[in-house]
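Once you've looked at the hints, go ahead and assemble the two chains, each given alone in its own frame, into the complex.
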Amino acid sequence: MSLSLSQDEQAIAAKQDGAGMAMRIVAESARLLGAPRLIPIASTHIDGALYHGDSGTLFAEKLVQGGAKVAVRSTLNVGALDLMGCSRVRLEEPQRGMARRMMEAYRKLGCEQSWTCAPYQAGHRPALGSDVAWGESNAVVFCNSVLGARTNRYGDFLDIACAIVGRAPDYGLHRPENRRARLVFDVSGLSSSFLASEIAWPVLGSLYGREVGNAIGVVAGVTAHPGEDALKAFGAAAASSGAVGLFHIAGVTPEAPHVEAILAGPEPEAVIRVTPEMVAKARAGLSTAAATETIDAVAIGSPHLSNAEFDSLERLIAGRRLAVPIYACTGRHALAQLERDGRRKRLEASGVVIVADTCVVVTPIMPELGPELGNGVLMTNSGKFAHYAPGNTGYAVLYASLADCVESAVLGKPVFTDIAA
Amino acid sequence: MSAAAEILVPGKAAEGEALVLTAPISFWGGVDPKTGRIADVRHPQHGEVISGRVLFLPGTIGSSSASAVLMELVHNGRAPAALVLHEPDAILLLGLIVAREMGWETPMAIRLERGAFDAYRGAAVRVGADSAVTIAV
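Protein chains in written order, with my numbering: chain A, 5 to 425; chain B, 69 to 205.
Chain B extracted, bound-state conformation (with noise of 0.2 Å):
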């Protein structure tokens, strides 16, 4: 399985098991900023960590903050390996743009539909630096 997705936030290749959401989460008030953890008790995935997992988001909920809590996750080290987004989210990749200012390393965001999110589901999924999104084996 492999798909080349269009890079929204540019950053390294990584590898990591995939975490699809099947909801749409609120960064603010919905992942811990200090572990990762899904926070948000109705939130489907509700007790994932979200640390080093390449981040399948079908859809985010607009706080104003959740660019914050993203680069609060960069900067404890506690950031996904990639972000897979549906639809590109000002608000949320704005915490990797300040983040990327500050010097610090950010995992790269890209885009891809997402009915192409069930085939990773589970897997060891590795994103280049191109975009393309390939099962690792």
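So here's chain A without its partners, still in its complex pose (with noise of 0.2 Å):
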């Protein structure tokens, strides 16, 4: 079906303005996709703020020279540089002032300035079943399968274009039909006490990822609500190490009352059984440290930590001193708690860095050690660390439990306690 533009939209596209452009790049796109239409949506959150080079620099430039302004509601996910000023970015001049000249132009399009991954939790919560376009693969994972809200995974230059011209192709999980689970990802062979505990979810979704690659699933067997941080951690897990846009928890996420509502026939064409085993094995693949006598840093809060995860990690810090620092990434929304209550001074103190904005991968924030100093081992509680971290930042990492984390910042050496699946 070739794609069919109201009138509306098509005098749109024939504008030379930055409205123009932004129809032209949506329309283009959904030609490609083979969209029929599109479709209004109700908001979107922007990963293309992120610096990756001067042409994306240039083209949000271009957009505001061109006049045009975000039509719904949009947030933007992590920039290049963290504007708080809470940690020193090592970007050097000019990628430096190219990648401030970026999230400036965002900021005069009307996109607002919550430089978070987590914009879920910075308030920004569609509607059950309202369509919206959301780019950053932890937050379309949440917003489609936590809130039930309606997006494809979209990425640079399609995000902007669809907030200006308030309309998205209509295709792919935008459409009920395509929301529906073929797979069943059963963990009723783990133990309750596993499942209640922190790392359960990011080794699940890590597992469940690799599992059902881009594929719809149903988690069956969970029998208590593990929390919107462990729905977070596990969204975010699937979404690293697999294509997952969309999960389903029966009895938890709200499209999926029970796994019989949301199969996508009488029978699900596969069904995977989740064994203490391919949990342990998960859990393991997620470290890529040999074994180590040392740490040399730790970081959380990918996605983004919430006020509860700050709780946790003061509680477990207990006023002591860390041996080696903790990269606390986080949102405005929560710096603004913590600075309310003193908190933030105390947890620097500590030996906490704060990392507002921004996020230790996707920018340079933690020091570069070279081969000679075996290129650093860091500490992470989060899935989605674990499959970037090394890649991005050279240090290899060491997956375990948030209390872990923290015990082992304090000594400077891991600690891991034993968790059965």
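Hints in this document: simulated from the structure, not taken from any laboratory.
Source: prediction; values computed, not measured.
Yeah, the Cβ is synthetic: ideal placement off N, Cα and C, and Gly gets one too.
Do not take every clue at face value.
Among the chain B residues that face chain A by a calculated CB cut under 8 Å, a handful are [claimed, not checked]: (1) A71; (2) I75; (3) L76; (4) S135; (5) E140; (6) H143; (7) G145; (8) P156; (9) I159; (10) L162; (11) I165; (12) V166; (13) E169; (14) M170.
As structure tokens, then:
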């Protein structure tokens, strides 16, 4: 089916201004995707303001010069700089200046200066069943799965173009028939104590992503709601190990009151029965570092830490001084709360480095350690950091619970508590 | 050897040495946007440079930043002479669509069945504005 545009849409596309450029970009994408039409959207979350090179800055500035403004609520994902000045980003000129110009251009386009990969915890929560255009893989999967709003994975350029025209191509996960599960991921063979532990969800997410890839699955066998931060960790890990854009958890996520309600057919195409051995293997697979006596740093907050996660961090540190820094990545929404309570100062006095507006795997923040120093060992409780840190930072990774990350940071050497699946 | 292909993104006719990839590639993390060199150490064509070549892509692995890398290659004058895709990849090709909107000269992208790729391996290939793919003599 070929794309058909309304008269209004055609008129906008014929204009020589920023909105015309945005409409042509959305329409050309729709044509390549095979979408029959464009549909209105309620909001966007924009990943395009992270600097990858000068061309992206010039594109955003051309939209600004063309008088473009976003037509719907648009939050911004992380940028390459910590504009709050909490941490020092080692990005050099001229890249630093271009990254700043890019962030400034997106502000001028009318985007909210949220600078977070967890917009859904910063007050941006589209309604169940609404169509939106979100970027950033963890935000996309949370939006689809936990909120039940409908989005595909919108990448650089298309996200802001959709925001300006308030429309998106009608295809993929915008269509209800494409949101139904074909696979069952059954965790009933795992102990309830494991499922209640913090490491369960990032580890299961990593396994889920590897097992289902870009297919849609439903997790069965979860008896208690694991909490929003656990679902955030599950989705982020699944979206980094596979191309997961939507998952369901029977009895937990809004489109899956029970397994049968969300299956595409009478029977699933496959059932993945998760065993404690599969979990142990997935957990081990999140670490890349060889046995080591020391660690160089801990990084947490991918996705960005919530206030509840800062509460846990503070409780676990319990006023002790850290031997190696904990890089705690978060957004302004959580930082504001920390400042109000005077907690930021206490955490920083312990040796926590708060990173706002950005994160340690997208821009250089952690010290560069050469091969003579073994390239450094980073401990993390994030399945997503575990996936991206080795390639993006050069640090080898050890995966552990938040409690073990904190104990290890206090001692400067890795500590692991056994949690059996 | 000549085949007519479908135009995915129009552009100007081009000629270049064929580079036929034997595995799908992720542009983000897989291709250096400054040099056009295939940087993914696990890719069979690791170390080859895609700039100025007629690039045959059997498949792409869709990072949502692939478009940014392709546009950066165009902006740096390091883009392929033409792209020949087995199937359209909207995210990758968005890099060309946006670059064209920026007024930069972009290579054309066409669709051709990957079974036909082998005939062009190692040859100097011409892609006409009408999308005909021929071996130049």
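>> Which constraints among the numbered hints does this structure fail? Numbers only, ascending.
In response: Hints 1, 2, 7 are the ones this structure does not satisfy, whereas the remaining hints hold.
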